[in-house]
Structure formats: structure tokens, C-alpha cells
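I would like the entire structure built from these sequences, with the hints used as guidance.
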Amino acid sequence: MDASRFISSGLIEAYVSGLATSNEIEELERGMAQYPEVRAAVDDCQLDMEQYVTLQAKTPKPEVKQNILRIIADEETAKENGTYVEETAIAFPNEEKVYVSSAWRWIAAAVFVALLGSLYMNYIYSGQINDYKGRYEALLSSQNSMASESNLYRTRLEQMEASMNIVKSPSMKAVKMSGTKPFPTALATVYWNQQSKEVFVMVNNLPEPAADKQYQLWAIVGGKPVDMGVFETGNKDELLHKMKSIDNAEMFAITLENKGGSPSPTLDQMYVAGKAS
Amino acid sequence: MESAFTYTESELVQGLKAKDQKVFGYLYDRYSPALYGVALKVLNDESNANDVLQEVFLKIWRNIDRYDESKGRLFTWMLNITRNSAIDTLRSKAHKMDQKIQDIGDDVHLYTGNLTVHPSVDHLGLSKVLEKLTKEQRIIIDLAYYKGCTQEEISKVLEIPLGTVKTRMRNAIIQLRNLLKLV
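So the sequences go chain by chain: A and B. Anchor point for the first sequence: position 98 equals 98 in the numbering used here, and the numbering is continuous, going up by one each time. Remember, the numbering used here sits 277 above the position in the second sequence when you count from 1.
FYI, nobody ran anything at the bench for these hints, they're computed from the structure. Being a predicted model, the structure only gives us computed values, none of them experimental.
Calculated cross-link-like contacts (lysine-lysine; reagent style DSS-like; alpha-carbon spacing at most 27 Å):
# : chain 1 : residue 1 : chain 2 : residue 2
1 : A       : LYS244    : A       : LYS173
2 : A       : LYS65     : B       : LYS299
3 : B       : LYS299    : A       : LYS79
4 : B       : LYS294    : A       : LYS65
5 : B       : LYS458    : B       : LYS348
What follows is a list of derived Cβ distance ranges for each label pair:
#  : chain 1 : residue 1 : chain 2 : residue 2 : range
6  : A       : ILE107    : B       : GLU286    : 54 to 60 Å
7  : A       : GLY134    : B       : VAL460    : 39 to 45 Å
8  : B       : SER347    : A       : PRO62     : 31 to 37 Å
9  : B       : GLU346    : A       : ILE124    : 45 to 51 Å
10 : B       : LYS458    : A       : GLU149    : 54 to 60 Å
11 : B       : ASN361    : A       : ALA73     : 22 to 28 Å
12 : A       : TYR132    : B       : ASN361    : 34 to 40 Å
13 : A       : ASP131    : B       : LYS296    : 39 to 45 Å
14 : A       : ILE25     : B       : LEU335    : 25 to 31 Å
15 : A       : ASN23     : B       : LYS348    : 15 to 21 Å
Each residue gets a CB set at the ideal place from its N, CA and C atoms; glycine is no exception.
As C-alpha cells, this is what we get:
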């Protein structure tokens, strides 16, 4: 074969892809030695194959490097100490015949059987350990989610306790505000501390407002509405909303206003109202 | 752990032959992703591929004196060790050709174009190449290179006459090389 026949025969591609038989490899290697252009063609093709392979690179686990470095460091230390045993020495033990007493043979056989048994148990137990590991991890994650759930409940409970303490005060006056004509099912309650003059509002039943709307509490003093502030209804754990304090009022009412509240109430959006005395 | 400086290939070889562990660490950082990629493609199993990678780097360390610079580049030598070790492992795990073919079939990321499993890969480059190869071209290259299949085995798997295996391989590799020029 001349150089161009080598190049067009498909032998180079077969060689580089690992497809070539040992006869074909020999043939091509002779060609490479004989013709520099064949050699160059093989090298080029190999470089491209290596580029293809490198495109599929992936970083291995970092433990592998640690393992390898530890093993070679140990080997080098052993070589310095003269305790290193060549692998080949282990692979090809000398085959001198050694006669052993039958008792020892039985012991060796027994030890061998025990070893097999132990290997088998290792296999079984390693399977079990993996199983337990999986179960342990599952438990751990369910424990974590339970812990966060329990935190959630605790916050809720604390909020409710705080609300209870406010309502429990003996100087607390409750003002029930019933639904107005357009909103008959609406209901809310004002808790008004007669001593500290603090006012809280509790929503018993008010529809969820649109995103740009907010409920606003009003006190009617001397026939005029006084702004008591706006409140959110989204958080169900927050039973009582602290509003502005007021010394005296004849009535309380809630209207739905644009977010942030209005200077005066939109009367056709009055949901609830109730007499304070 | 990445080394801040680089070595030329002959410095690498000299360092390795002098049993310089720092050079070896550099060699690992530089080449382990490519070699691991090969082992993973052959075995299709991360744990086995990690084992093979460890075995390969120990072989490189212990047998560096057998490396002959006049016969080829260091990377080619390391690639061959990796392919051979991985394919040996593959054969010891499943000698049946069915299994090899099964593996090729399971290796879906290659044949469906879903490349997300290779995070460190130059996605664009690889997918550009793979898209333009026909399925048969990809399989014939991978069966030979990554699964160590013989011409007879490939002829059976792809149901093509034995005499055309080499021609098909040649065409596949020519196409592959043209595509690589575009990457």
C-alpha cells in the first residue's frame, strides 16, 4: 500500500476509533513508520477524536483526587521505609509446592469458609446500611419539616395569646358592629379599653378587599366621623388590630376605602356600624 | 486545589518520572475531567467511573516509565489507559453484547440531544457537533470508541454488512471532523 491508499482506506479512522483489528493496527503502524504523511494523517485524526472526547469532559468527585494522592503518598513513604511490596509480587506468587499437615489444611479451609461467610455478610450488611441511611435521611427531613411547622404553630399561638390578654382586661368594652343594609352578613367588633383609651378592632366577617382597597375604622364623635386608621385582613392569626386611641365616641363604623385610607368616609361603602354606648 | 502555574508536556513527563507529587496533582486537575468523561461514557455509571478514574491515575503514576514520548502524546497515552480500563470493567460487569447495546440505548443524553447532565461541558460545542451527525454515525463512533465493540459486533447491532463497517466508520469520522472544525 502506498501513502494515499493508507489515507483513503478507512484504516486510519478504524485505528483512531478503536475499531481496527490487531492485524490492521500492525499494518498501519508499518505505514506510519514508512510514510511521514500517513503518520501526520493519523496524528491529525487522533487530535480531532481527542477534541470530540474532551467536549464530553465532566468534573469527577473531589474525593477521588484525595484518595489517589493519599495512596501514592503512602506508597512513596513505604518505598522510603523499604516496606513497599510491588504489585507484581502480589500478582505472581512463587509456585513452590509446600506440604502442609492436614490439620492445617482443615484449619485453612475453615478459615476460608469463614472468610466467604464474612464477605457475604459484608455484602448483606452494606445493603442494609444503605437502606438505613436512606431511612435515616427521610426521617431527618420529615423531622426538619415538623420542626418548622411547629415553629409556625408556636408563633400563631403566641399571637393569639397576646390577643386574649388584651380582651381579658376588665376595663375592656366590646362594641359589636353589625352589617349595614348592603352588607347584611358583615360583622366586626371594636374592643375599647375605657381606662387606657386604646382601641382594637376584630374582624368577625368581612369580605377580602381588592388589592388596592383597605378597610378603615371610624369613630363618630359629636355626629362627625373621626379617622381611626386602616387595617389589613389578610393575616388570620392576627385577631386584633390596634387602631388609634380615642377618649369618647358615640359610634364606630368601618368603610372600604382606597389603600391608605381617606380623610372622610365613603358612606355607600360602609360595611358595619355599631353604637358604642 | 488548581495549580496557579502550568507545565509543558515534557515538563509534565519529566516531573512524573521524577515522582513529583505536585506535578501529579497538576496533571490530575488538568486531565481528570476529560478522562472521567471517557470512563463515564463507557460505563454509564458514576460510581464505577470514579473507581476507574482512580485506578487510571494510579496506573499513570506507577507506570509512567513505560510511556514513550516518541510514540505519541501524553494525553493520548492516558486516554488509551482510561478507555482500556473502563472497557475492561464494562466487560467484567457484562460480557454480553446485549448489555453494551443496552447501555448505548440508556445513554439518552447523547441520543436525544438532552445535554443537561454534563454540567462542565461546553454545551454549545458538543450539541452543535452531535446535532449534525446522524444517529447511525453517533452510534457507530460510540460503539467502537466507548464500548470497545468489534467490527462483527457493530455489523450485528446496526444490521449492516460486515464489509461496510469500516466505510461507514470512515464517513462518520470524516463528518465528525468537519463538524469539529466549526466548533
